[in-house]
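Peer 1: Residue numbers (the numbering used here), protein chains in the order written: chain A, 1 to 126; chain B, 127 to 618; chain C, 619 to 1259.
Check the hints yourself; a few may be wrong.
[Unchecked claim] No farther apart than 27 Å at their CA atoms in a straight line, the calculated lysine-lysine pairs in the BS3-like style are these:
id : chain 1 : residue 1 : chain 2 : residue 2
1  : B       : K432      : B       : K280
2  : A       : K119      : B       : K280
3  : B       : K166      : A       : K120
4  : B       : K570      : B       : K432
5  : B       : K570      : C       : K1226
6  : C       : K786      : B       : K570
7  : A       : K120      : B       : K280
8  : B       : K280      : C       : K1226
9  : C       : K1226     : B       : K432
10 : B       : K166      : A       : K119
11 : B       : K166      : B       : K280
[Claimed, not checked] Calculated from the model, a selection of chain B residues having no Cβ within reach of chain C, i.e. all distances over 10 Å:
id : residue
12 : K191
13 : A197
14 : M525
[Claimed, not checked] Derived Cβ-Cβ restraints for the label pairs, each shown as a range:
id : chain 1 : residue 1 : chain 2 : residue 2 : range
15 : B       : H612      : C       : N1105     : 44 to 50 Å
16 : B       : T314      : A       : H64       : 45 to 51 Å
17 : A       : L12       : B       : A233      : 53 to 59 Å
18 : C       : A1208     : B       : H543      : 34 to 40 Å
19 : C       : A1197     : B       : P509      : 39 to 45 Å
20 : C       : G811      : B       : G310      : 23 to 29 Å
21 : C       : P900      : B       : H612      : 45 to 51 Å
22 : C       : S651      : B       : V230      : 42 to 48 Å
23 : A       : W30       : B       : V156      : 53 to 59 Å
24 : A       : W30       : B       : A233      : 24 to 30 Å
25 : B       : L542      : C       : P900      : 37 to 43 Å
Think of the hints as simulated: they come from the structure by calculation, not from any bench. Cβ coordinates follow ideal geometry from the N, Cα and C atoms, glycine included.
One-letter residues, chain by chain:
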Amino acid sequence: MAHLFQAWNNELFLVIFLILGILLPVGALWVLGPMLRPARPNDAKRTTYESGVQPFGDAHVRYHARYYLFALLFVVFDVETLFLYPWAASFHQLGRFAFVEMIIFLFLLVIGLVYAWRKKVLEWNE
Amino acid sequence: MPNLDVLHQPYWSTMGPILILSVTAFVVMVLEFSVSGRGKRWLHGVALFGTAAALADAILHLYAKPQAVLATLQNDILANLFTVILLCTTFLVLLFAWDYTQRVPLAPEHTYLILFAVVGALTMVSAVDMVALYVGLEVLSVSSYVLAGLRTRKLSSVEGGIKYLVMGGVSSALLLYGLSFVYGLSGTTNLGELFANQTFTAGAAIFQQYPAITALAFVLILAGLGIKLSLVPFHMWTPDTYAGAPSPVSAMLSTLAKTAAFGMLLRIVLYVFAVSGDNLFYLISLLAAVTMVVGNLIALPQQDMKRLLAYSSVAQAGYVLVPFTMLTNATVVDWGSLVDSIGFYLLAYTFMTVGAFAIVHVVQDARGSRTADALTGLYQQSPWLAGSLTVFLLGLAGMPLTAGFIGKFYIFADTLHLHHAWLGVLLFLTSVVSFYYYFGLIRKLYQPSISVQPARVQPTAAMSALVGLCVLGTIVLGIVPASWLHVLAALT
Amino acid sequence: MIAYAWLVPLLPLVAYIFLLALGRRAPEGVVSSVSVALTFVSFLLSAAVFVAVGSHPEAATSYVFHWLTLGSRSLDVGFSVTHLNALMLLVVTLVSTLVLLFSREYMRGDERFAVFYQYLNLFVFSMLALVISPNLLQLYIFWEMVGLCSYLLVGFWYFKPEAAAAAKKSFVVTRIGDAGLLAGIILLFLASGSFDDSTIFAKVAGHSLSLGWISGQALTTLAAILVFVGAIGKSAQFPLHVWLPDAMEGPTPVSALIHAATMVAAGVYLVARLFPLFAASPAALTTVAWIGGVTALLAALIALTQRDIKRVIAYSTISQLGYMMLALGVGAYAYGVFHLMTHAFFKALLFLAAGSVIHAVHTQDLFEMGGLGRRMPITMWTFLAGALALAGVVPFAGFWSKDDILNATLQTGHPVLFVFALVAAFCTAFYIFRVFFLTFTGEPRPAAQLQHTEWSEAGEGGPVMQVPLVVLAVLATVAGFFNSPLNGYGLERYLFADAPTGAGVLGRTFPENVGLMAVSVVVSLLGIGLAAAMYWRPVIRPASLANGLRLLYVVSYRKFFLDEIYGAAVVGTGRFLAALVNAVDRYVIAVIVRAVGRIFYAAGLFLKYTQTGQIQTYGVVAGCGLLIVVVIAIFRAGGVL
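Could you put together the complete structure from these sequences and hints?
Peer 2: Below, the structure is given as structure tokens:
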């Protein structure tokens, strides 16, 4: 039994975690939740949560394509920060090579920003 | 055999062509958005200049001692060989794009998108790390998706772009899945290390211990690259995308992207599977056979010339795949000759295909139609164009005195020599089938036009240069194959 | 210098490409000037090569580079310069230059002037490349190319049905020979493992040619005969000579260049070049000698009665080529080549002069000419030089070479062939002077349909036409001295200098026989005398002689009925075969072919309809394909499949 257990060790853990992974959300949201919480709905409670703002319109609206460009730019600079922070934190250890690399990276991003600017991506009007 | 003596020091000259092209791409990009109007005419010139510089650099370092940058990019024989082919292709494609913009309005972004795609392609053929390989593939792919759909006002272009995007996404996913199995089995993403482990230690045992997973990895990688190479049954996006995309992009997809994917496949096959997975190579022969047969058959009833060329490129990919099936460990002494066959065919194919796409485009532009009938009477009107197209089609069909013949001949000789005669025979038979549709086009060229005098076909200077280079390449490789074979033989 | 011999064929190729680039509407002056200039430079280079080879016999060699690998055997391309090749280069470039110059006026105003020059340049390139091919495969490629050029040029006036038919006939008939040549080359390749002349000769000499089913002497003989079949076709030897007279439908400069001086001599050149192979097989040599002898006589007899000036000269060409073959067949290598050279000069001259006449009077019928000597003195005198050379009157070129051949035939013990050759010599003298007298002397006999104004304007062409005539006339007069006792048989010494195994293999030279010289001159003079008696100062009325010898006349006039016999043979057996083939073709092959075609096409259509345009379909197909491959792979890996 012992060596059988050992042989199946990995797979057993996998199976257990798989089962737990499925059971937890299902149990919490659909089984335990309804059992424990009081159910007293009203109109205000049923509205969509928009951080306190009055929701308007349908959730299924079409976004203007320009939002994607903004999102893209946002992601670009997000990633930039992601790289910059660890680099800045260990700047002394990394040395000159990393500095040059980061400058190149920033330079390329600047080119991207200037490109977006020149292509009038940052202007909203038609 | 590639020298796997990986030096863990940054030798930047190794990356010469990639660096030159990257810088060129950014310069072109900055130029593009900082100048306006007529200044944009110079973009192609700058791009061509950068490509020529990169090509010169690649040729200068053709026989340089193989070195690796951070064990990731390596300038070994495979890399050098494919770099030269890719840069020649780029040059031709850029010339084509230059001509194209003088006829059809096309977003000027295409110049540096092409260059970025080439940077990706160069990475694909010179990377020895699976992550870098994948990054290269994605750089090439993402640029290509945009390029394919660049004519945003034209529905078929957008449609082709989307189809390519979807299938390309599937391709990346499959490939990545396959590569992750390899990583899982071997514990390394570095191909050089992987190869060394298999050769010198008991590492091979891993692959033999898990034959099913190895097979799965192999199939997934093959399918992933198969989509890029448009091997049957992963080929169906090809005609739609090629027909919709701007013609230079179609030419690029059928040559540059395929060459890069073949280079990557060659690298993976040689480093990962050739040593201990050679019981899997029948799968490649299976795909090659199906591709040759289906690609040629489906081209038969085709009237649209761009779709015809798309199917022809499917079939041609099948021919190139044939030597891959023989790259097994059992034939290790013949690897050199097989790589020669592949390298020769790819360069020959590039000349013929880019040339054919170019002339089809010019004719379409002048006569407003892309059906085979649009070729009618071209000989009377522009004998040079007609003659050049004849050369390209004869080459694709594999007629003697063209590069296509020598290329097929070498592949055929390999199959006989390495006991895959059935593939050789199939190659021959399917080539015979292909004669039917290639000659159909040629016949049209020389038929006098019975209707009203069709619009005059006017090639630009860039087009003349492009067609001239392609004809020269097709004929020189066909008559003096030694010129290129010597380079190949010296490398391998 | 020898290392640059490749420039000789290259220049005409450059001219060809240049003319191609200029297009078909290029100005005539530019087209012809460029062609003549480049070919002339080629000629100068050939002369330099000729001299260089003569002064450094050891430098005469092949320059080859590797082209393709066929398994363990490699194919080379390159060029090779031997004494024979150098001589041929010289002759071909010289005649080509003159003919290109002549055509400038002869073809003036032709709608396809530029195309004509393109073809001619392509021909000159192919012919020169044929000559300096280092191996038989390359030779065969250019052999076919000169055939193709000949086809294009014979059919140059394709709107004339006769020209189109003649082009087709010449192509088809020579193809028969070419098939033999190809078979011979392949046989030699299989037996020796090489296309290279010297390798083959070495194996022949070492008796080491062998194949599974045939070896030794039989193999040598078979290969030699097969190669000779190619030569028969190209050099219009009996029985494949029928195409050459018809080929006269082409423009006259073409007849002069291709069908007299160069291409038809390629057959002789081939036999000369492969002489060590022939020499190793007495049977093959005897065949060559007899074919040559019979052709010489037969063609000379036919030429006696023809009415068309070009046809007479064409039969004369066949006859003279027969002489060359005869010389080679009896082992007199140097004499065959010598006659090839002299013949190239005087026959090109005769054709060009005939061209000049045709240019003036617009007819080719001898009996519609006459009295042209007064209007065209230069043409007449140059034609006379050519005629005397052809007839073999001392000291004109033909005398020396023809006498050498007669001498060799007699001394090697071929009395029958000697008689053939002597009779042919008599006929030659007769028919060429018949042409001469009918054309240039007597009263004009314009045909009724010819306009008199046109006739009265008949006169010399411009200097462009006269210069080639004069140059060739000088050559026809003096070329014989290149191999005469007067210069110690210079050509023989030249040709034998690089004989791989000495003159013993390449053939022999024979002591002079002054008596025989006298006999041959007398025979020639008799022929000329008879022609004069019949057509110049009519002592004998030709008609009465023709009536007296009715049968012989008709046989000769109808060309020994060979065309009819071939026609009947082809038609008779042809009908049966045609019916058979037709039946097989219609009911078996066509059905199969159509079915196969339909199946492929249908398969293509089916596959085309799977191309729905829906990316979902594409995904499903790819996915299913992937699944199938995965299943196969996994099962194979698990050892199930």
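Peer 1: Please write out, lowest number first, the hints stated earlier that are contradicted by the structure.
Peer 2: Of the numbered hints given earlier, those the structure breaks are 20 and 24, listed in rising order.
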